[in-house]
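Protein chains: 2
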Amino acid sequence: MAETAAQFPEVQGGGSLIVAWQVKGKTVLVVGGGEVAAGRILHCLNADALVTVVSPAARLNPEVAYRVAQGQVAHVDRNFEPSDLDGADMVLVAVDDPAASTAIWQLCKARRIPANIADVPPECDFYFGSVHRDGPLQIMVSTNGKGPRLASMIRKFIAKQLPSDAGRAIETVGQLRVRLRQIAPRPEEGPKRMAWMSKVSEAYPWDEMCGLSEEDIGNLLRFYPSGKVPALDELKAMRANPGADKEAFDGSFGFSVGA
Amino acid sequence: MAETAAQFPEVQGGGSLIVAWQVKGKTVLVVGGGEVAAGRILHCLNADALVTVVSPAARLNPEVAYRVAQGQVAHVDRNFEPSDLDGADMVLVAVDDPAASTAIWQLCKARRIPANIADVPPECDFYFGSVHRDGPLQIMVSTNGKGPRLASMIRKFIAKQLPSDAGRAIETVGQLRVRLRQIAPRPEEGPKRMAWMSKVSEAYPWDEMCGLSEEDIGNLLRFYPSGKVPALDELKAMRANPGADKEAFDGSFGFSVGA
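For the record, the sequence lines run as chains A and B.
So the first sequence is numbered by the UniProt record's numbering: it starts at 1 and just counts up by one.
So the second sequence is numbered by the UniProt record's numbering: it starts at 1 and just counts up by one.
Calculated from the structure, these hints are not laboratory results.
Where hints are given, some of them may not hold.
Which copy is meant is left open, because identical chains are indistinguishable; a pair holds if it fits in one copy or across any two.
Claimed, not checked - Here are the simulated lysine-lysine pairs, DSS-like style, with alpha carbons at most 27 Å apart: (1) K26 x K160; (2) K146 x K228; (3) K228 x K192; (4) K26 x K199; (5) K146 x K192; (6) K109 x K146; (7) K228 x K199; (8) K146 x K160; (9) K26 x K109; (10) K156 x K146; (11) K192 x K24; (12) K24 x K109; (13) K160 x K228; (14) K199 x K146; (15) K156 x K228; (16) K156 x K199; (17) K109 x K228; (18) K199 x K24; (19) K192 x K26; (20) K146 x K26.
Given the structure is predicted, the values throughout are model-derived calculations rather than measurements.
Based on the sequences and whatever the hints tell you, model everything.
Shown next, in the form of structure tokens:
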């Protein structure tokens with residue numbers, strides 16, 4: 001029995017289920033227009049949500065007022081009314097009124113709309129964390145409610161450790177995958193394509209992928225038919241002008257991380 | 001107008017809304033019992049969910065079978081039936097049957113149950129990412145579907161950069177907050193408590209908090225009445241045996257990060 005258990009990861013309770021919620025084109029209702037609401041709104045816009053803010057205009061903070069003026073969010077210029085929930089896919093409440101907040105939470109639960117009432121953990125289907133963003137890369141730090149300020153410090157610490165163009169590594173891999181499918185489109189080649197992509201990601205440390213240019217990707221793809229993946233140095237030596245960005249590549253792992 | 005815009009963070013679309021979903025005591029239905037299901041199940045158990053797996057016993061992978069045998073999850077030994085959705089707060093589908101998957105997705109949407117159909121992005125309310133866990137600290141890396149393998153590499157990279165006991169820093173801050181409330185319980189002291197906690201987090205780099213002992217926390221709290229926060233060296237010098245863990249503290253910022 002002990003042997004069986006050792007094979008599998010042990011459960012470590014007390015965490016959250018951290019997920020990347022898809023709100024693109026979905027309606028997110030934000031009740032309140034203060035500083036907390038401003039942060040929530042930006043998170044939602046960064047995820048391509050359709051945001052509606054319900055709050056008297058006089059109580060909008062400058063950032064929220066700016067986004068309303070720019071047409072980035074829709075605005076309902078009054079206090080919350082239950083009919084505001086019609087068509088809402090998610091509700092975020094950030095008002096200094098515990099009774100009103102609780103009432104909205106209960107309406108959301110009756111309608112099965114996921115909701116977050118700021119500063120009231122029991123009235124939250126989900127919590128927010130501190131998010132680092134770099135193109136397609138998102139890194140979210142949660143302390144599970146134990147230290148929001150620490151979450152932000154840890155997020156900044158992580159951002160400093162990452163290569164400055166970490167997001168580009170992801171774009172590069174995405175681009176490689178797309179171009180590979182162009183040169184080897186047949187469905188029956190799927191396993192070969194997957195095996196080769198897997199070999200690529202084993203051959204190159206992920207942070208070195210940031211530095212690969214379109215030319216490099218083109219050169220790399222020439223190896224696909226053979227199923228081989230060249231060493232990184234070999235790939236760079238194939239450049240028309242191999243010395244051009246020497247500085248960016250000759251550094252050790254530590255170098256590329258330091259910046 | 002240009003001036004106004006510069007004041008506020010620019011919207012960077014194309015991301016997800018990353019959130020820490022609260023599934024403690026909630027019912028998560030997992031349809032399928034293969035390798036992908038095993039990963040999902042562990043995520044859910046780590047977040048204290050009540051997990052029910054629907055899958056013929058013969059198709060459970062060893063890890064899922066182990067968790068069923070241990071009573072960590074409930075098991076329904078057959079294929080999915082619509083009534084399985086009764087009482088489900090979330091549904092995760094990981095079966096190699098696109099038609100069945102889509103049918104389950106549609107049932108979930110009709111009932112407004114958040115759902116994830118593995119490998120079918122348009123049939124997902126949310127995606128999973130790669131998660132680093134250290135006690136109350138959770139760090140989730142998402143590439144927004146562009147490179148799941150890269151997400152896992154970046155997660156490992158981050159884990160290596162973090163101090164080995166980063167989770168402890170969060171526990172320590174949590175403990176400090178609890179003990180502060182014990183020695184200064186009056187509600188009217190709230191602003192003073194908050195201001196002092198804020199001073200503490202400004203005075204000490206977060207990763208140095210990992211190294212503070214209960215004795216240090218006790219010593220630190222003696223400064224609260226004055227509203228002051230001692231320098232870290234000063235705090236360490238107050239230890240009954242200041243040289244005891246010299247090695248752990250004399251390193252620079254770089255040292256504590258390297259391990």
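- Query: Of the hints stated earlier, which fail here?
  - Reply: 1, 4, 11, 13, 17, 18 and 19
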